[in-house]
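The task is simple: from the sequences and hints, build the whole structure.
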Amino acid sequence: MSGEPLLSVDGLSTWIGAGDDVVRAVDQVSFEIRKGETFALVGESGCGKSMTALSIMRLLPDGAGIVGGGVHFGGRDLASLPEREMREVRGRRIAMIFQEPATSLNPVLPVGRQVEEVLVRHAGLRGGAARARVQELFESVGIPDAVRRLDEYPFQLSGGLRQRVMIAIALACEPDLLIADEPTTALDVTIQAQVLDLLAELQRRTGMAMLLITHDLAVVAQMSARVAVMYAGQIVESARTRRFLDKPGHPYARMLLRALPGTDARSGRLASIPGAIPDLRQTFAGCRFAPRCDRVVEACRQSTQTLGAVGDGWEVRCSRVEAATVGQGASPAMPAAPATSRSTGGRQSAAPLLDVQGLQVHFPVKRGLLRRTAAMVRAVDGVDLRLEAGTTVALVGESGCGKTTVGKSIVQLIRPTAGRVVFAGTDLCGLDEQRLARLRKGFQMVFQDPFSSLDPRMRVNEILEEGMVALCPEIGAIERSRRIDSLLERVGLGVAAKGRYPHEFSGGQRQRIAIARALAVEPKVLVCDEPTSALDVSVQAQILNLLKDIQEEMGLAYLFITHNLSVVEYLADEVAVMYLGRIVEQGTAREVLSSPVHPYTQALLAAVPRINSSASRQGRLAGDPPSPTAPPVGCHFQPRCPHATDTCRRDYPASRQVSSTHSVHCILDRPRSAG
Amino acid sequence: MGGYLLRRLLYAIPILLGVNILTFSLFFVVNTPDDMARMQLGVKRVTPEAIEQWKREREYDRPLLLNTQAEGAARLTDTIFFKHSLSLFSFDFGRSESDGRDIAHEIRKRMVPSLSVAVPVFVVGLAFYVSFALMLVFFRGTSIDTSGVVLCVAAMSISGMFYIIGGQYLVGKLWHWTPISGFGQGPDAWRFLLLPILVALVSSLGEDSRLFRSFFLEEIHKDYVRTARAKGLGESRILFHHVLRNALIPILTGAVVVIPRLFLGSLILESFFGIPGLGSYTIDAINSQDFAVVRTMVFLGSLLYIVGLILTDLSYTLVDPRVRLQ
Amino acid sequence: MNLPFQPVVLWTDGLLFLLVAVVLGFVRWSRHEEHLRAPWRKVARSRGGMIAVTVLVLYAGVALLDSLHYRRALPTDKPGAEVTYAPEVLSVLDTFARPLRDGSERTFSAPFAATAFVKETITRADGTQVRDFPRLRYGGRLLENPDVERVPDIARRALGGLAAGVLLWVTLAGLVTGYVAHRSGETFAEVSAAAWRGEHALPLRAILLTLGGACAVIVPLLVLSAHYHVLGTDKVGQDVFYLTLKSIRTGLVIGTITTLVMLPFALALGIMAGYFGGWVDDVIQYLYTTLSSIPGVLLIAASVLMMQVYMDTHADTFDSITRRADFRLMFLCVILGVTSWTGLCRLLRGETLKLRELDYVQAARAFGVSPWRIMLRHVLPNVLHLVIITTVLGFSALVLAEAVLSYVGVGVDPAMNSFGTMINAARLEMAREPIVWWSLFSAFVFMFVLVLCANLFADAVRDALDPRMREQVSPAAALRRARALAASTRSVA
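Sequence order for the protein chains is Z, L and V.
Here the working numbering is used: position 592 in the first sequence is 592, and no number is missing along the way.
Here the working numbering is used: position 160 in the second sequence is 160, and no number is missing along the way.
Here the working numbering is used: position 220 in the third sequence is 220, and no number is missing along the way.
Mixed in with the good hints, there may be bad ones.
Here are the computed distance ranges between Cβ atoms for each label pair [to be verified]:
1) V/W196 with L/V150: 19 to 29 Å
2) V/P414 with L/L126: 50 to 60 Å
3) V/G25 with L/Q53: 51 to 61 Å
4) V/F133 with L/R108: 19 to 29 Å
Which residues of chain L face chain Z? A few of them, derived with a C-beta cut under 8 Å, are [stated by the list, open to error]:
5) E49
6) R56
7) Y224
8) T227
9) A230
10) L233
11) N246
12) P250
Hints in this document: simulated from the structure, not taken from any laboratory.
All residues carry an ideal CB built from backbone N, CA and C; glycine is no exception.
Next comes the structure, spelled out in structure tokens:
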């Protein structure tokens, strides 16, 4: 890796706001990107990585501005370039794609026009020539049926296609540098794999450099040659990716890597980083990571740390870097065979705690003069699940497959259209609200978004009390208060939290409150709907540990709804994979994850980026999931299935036992070892 | 689309019926036809015979809701409610109670003066306020924007009546540019229209421009604008090509709902300027307590509002590709 | 009990004081609720908002003084006899402004005039008759020779008033600063120094300057009005300054009590429609579509006409002109309330539809909490900011609407003083030569200041409460500030 740097960021500082509330979002950040190279900037939310990217492009939001440093690109300092000249750089020399393809395209302009605009602006192409070039671009980013798509509007495209359009816009003028700001975070894992493959391939073809902004270390491992880790507005470590993953220097980086859930962490607790990221409104005296660091010494708190070279192209902002790296390589072992899961064989008792049989939830689509029901969205279409006390069943699937609806209809927030949900011997479906209310304390739910799941107008005390007041009227005020205290202690918040409002807590702390709220009525079953997907990796580890501890103490049964397979590997005893409203494969975690039978499960597993292995290209899924309004004839998966036969196109495959605990809806018998 | 229209029109029937029942009960819960006759004939010299005759001539000599003396369908149709309220559905408006003129004829006659003020105000106003708001947004963060907003807030704090009085005094009386009030026919008609149109434009400058400015500002903070900037587009291209198009959705659809009601004219403006339109007709009817005209105008107002709502939905499909009616 | 007066509580008085109590109670309550206190603290720190509040407090003071009604005891000769009270209902404001009430002229007179506006035939002491401007009974009554003495007299009194105003301002400023110092735990000197430099967290300098401006205008006006009609007199010779002060109450009553009437409808129906959906939603939607489809003025006109008939037939219920006018005012508020709840209702319905799907409402449902309790505990507190914003925004619209309705003839009782009746009467005089401008001028100034302040306050409230309204910091200014700050911290480090 040599040659002139293409982009060199030098001591860049970007502040947001003014006065006492000024947020020092980016603080003296420096790095270089060479021609054709992929450089990843990785960090948790709020660490300043996106602000760095926006500063380079000078696209900062109102109120934010570059207050120091330079961005040298092609012999000029972008930070002080007049706006007019900066416009010549944007879109032509440096292009950018954003996280949310759903909002990043203008909703009222055809997508073809939005690409054409760049060509008109920078390449002087017009009319037929421009249109031909757009079509060419669409084809090169893998948009099927490109001619027709030119005149479609963003809302007519799926998320994956929208991101491809964004990439086409970015590539239109063959820029020297592409800045990709969390390009796949909003996408499903199979679509993420497609987009990452596309980016890598385009880069190979055009030779452009790429600045990849992401929070996902696995994406970094797969995509980039060099990486810089940001923490609290500063770069704390930069190194070659391989070296970094093998032997991270900075304590933060090391702890971050160990916090990743996965099969190998299964037996024990995840290494989590205590505390939360610091507020960037303060001025720091010592190391910014010191309060959370496991190797902190007094000197760390007193003097600021500088980024120092440790080896060739390896810099760490930690004076104790030697101490930190001595001994263990931080990287977990290479994927071994999954550890034996807690035995599930003998646990199929006669009467499970929760038994879901043939669950269906259909939403009517009303049309016509009299608002007659014209069609049904079969959000959930025949789901069977069994849940034993003290075990975790993971329900896995991509967005829109109906997994959240399953969760909500089990706790009867959505009344099922058909089927039975038998809890402790009583079928919940068809019970009236009053009789249901008596049973409700047996099953509770933890929601995905910690920001919308707590009423912002209520104190923590009131939030925790609500369920007890409604469901356990026999508990008096004193006992209630005592129970709240012990719950808050249990979830690691402390009694002091009682009188405070949700907005005073971070995302992870809020999720602890939400868990405490559910536990307040002492349920037997807890439905966890993506409880960690809105959280950062280090915080996710805290929450997963907490859930696991609580399960061991109280013998709770979890229905864990998630799209994140590494969380499943870490936590689940049994796994059910959902596709388009139905479970396609079900079995113990080991069976499903290490010898998946259904082609969809196989593809899902193949699509997950891994830190420790270079990505395999085999088994990539093409296309998008179909709509549940009009599911494909025959097997729902057949249009995307590489092995589909005529039988698959005709009939939905019946359930087939692979083993006593492992069943699959597929006629093909081709188990494949994962990874 | 056709089915959608039909459904919306059918839904209009219960609403209009509700409106009729409401106005009917407002008039007759505390008021009797005798009171009305007494009021129209003048309180002093009324004989019972005169009242009876007044009621007979205007078909008020029947029961309100149910005619127990009639047979069959006439039990329901030979009532005041049917003759005076439900008849509106067939656009049979009857005659004015104060001067006995045919209301439908008056409406046709007075529509033209109303429209000749309202339409220019609507069209020029929309264009002017949008441009003004765009200008403020273009210069956002500068003193031009700040002083524009201050101007808007100050302008919207002044009662419309002061604009009219001030306009009449300055333009009409002091400078003699236009007649103070009145309405003319023929080639000189525009001279009379100029001042009311001008006054109307100025009087809603503050409120509308500020509203439109907020629409623009809301759009300008969205992600797609950032994408447009990342393409290297200039500020004016972003504003006119991207932001304007999106902000026009709420602006246009908000404007479309009032289009049908332009027919009814403006009460205050027409009354102050002596324009013989439907606005001043309504005011005269209120002042002479002419229930027949008030009832008709209420019905027309509601009908046109519903038409406006339907037009709004249709206009959404034109300006917003995401909206499809079914 | 032989009181020298008998308190009279009119309908609108009662409601107005109820409203004051509600607002004070809300303020007390929200001091304990952090999520309410934070936005109000933001309002308290906005300069425009606090200037507006200062002015609005003055207006509210006048309106409240004008809402304490009583009847005077009639003088009796016999001691110990049953006291009888005058039929005329007066307010405390009337008592303060007694010279103005009693000092009416025959007809028009210009502001600060000592003579009438139109010439009359005057019979002199010697019996000859001339056509001249007659002396006023009240305006400049102490002057021997108005032509010479009037201007110096006015200047002298104005200066005296100004001095008194400055004195009052110093006192008030001291009190305000002292209060702020007491609340924040700083010393008086610290607060006043910070206020002087314009650096206090509260826009204290702006507030004190506004108070100063108000003192400098109002006190001289009050001093002068003891000897002159500072804003002239109207057609029947009433003092326009007095009429304008009386109009303030009408405007404030309409702007606030209408809201009080409208809120229960909008809140209950809007939240129910959004939360329950289904047929409840259908019925409520039908209701408000029907009501909002009727042109507002016509619905109000029809209702007011109906009410007039009722009042004519029940004339005996209203024993005085004041009661009658008051009843009509209250009825107008009710009608305006009934016609104006639809907008807020639709807004609340939409917001509730969104809230209903939020996870914390779902969590409450999973606990089997009853729908009514969810609406009360979860939905209502989370739509309260919308209610406050709409209420404050609606105030100025209602004050403006009153003027229009009075013009159309369906506004307040003609016997009641209001901006609308003033404009209506004054506009007919615009055709005079020379023009009679002062009535219109007074109505314009007082109304403009009221509505402008209401709008400014509404803006401040909306900026603080609406989560969608991000603070629109101008990028250039923010950058300048950030750069300056960066430079300063660097020099420290």
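Here is what the structure says about each hint:
1. V/W196 with L/V150: 19 to 29 Å: Roughly 26 Å apart at Cβ, these two residues keep to the hinted range, so it holds.
2. V/P414 with L/L126: 50 to 60 Å: Violated - the Cβ-Cβ distance for V/P414 and L/L126, about 38 Å, lies outside 50 to 60 Å.
3. V/G25 with L/Q53: 51 to 61 Å: For V/G25 and L/Q53 the Cβ distance comes to about 60 Å; the hint holds.
4. V/F133 with L/R108: 19 to 29 Å: violated (54 Å)
5. E49: Violated - the Cβ of L/E49 stays beyond 8 Å from chain Z, reaching only about 54 Å at its closest.
6. R56: violated (45 Å)
7. Y224: holds (4 Å)
8. T227: This hint holds: L/T227 lies near chain Z, its Cβ roughly 5 Å from the closest one there, short of 8 Å.
9. A230: Interface hint status for L/A230: holds (4 Å vs cutoff 8 Å).
10. L233: holds (6 Å)
11. N246: Where the cut-off is 8 Å and the nearest Cβ of chain Z is about 6 Å from L/N246, the hint holds.
12. P250: violated (12 Å)
Hint compliance for this structure: hints 2, 4, 5, 6 and 12 are broken, all remaining hints hold.
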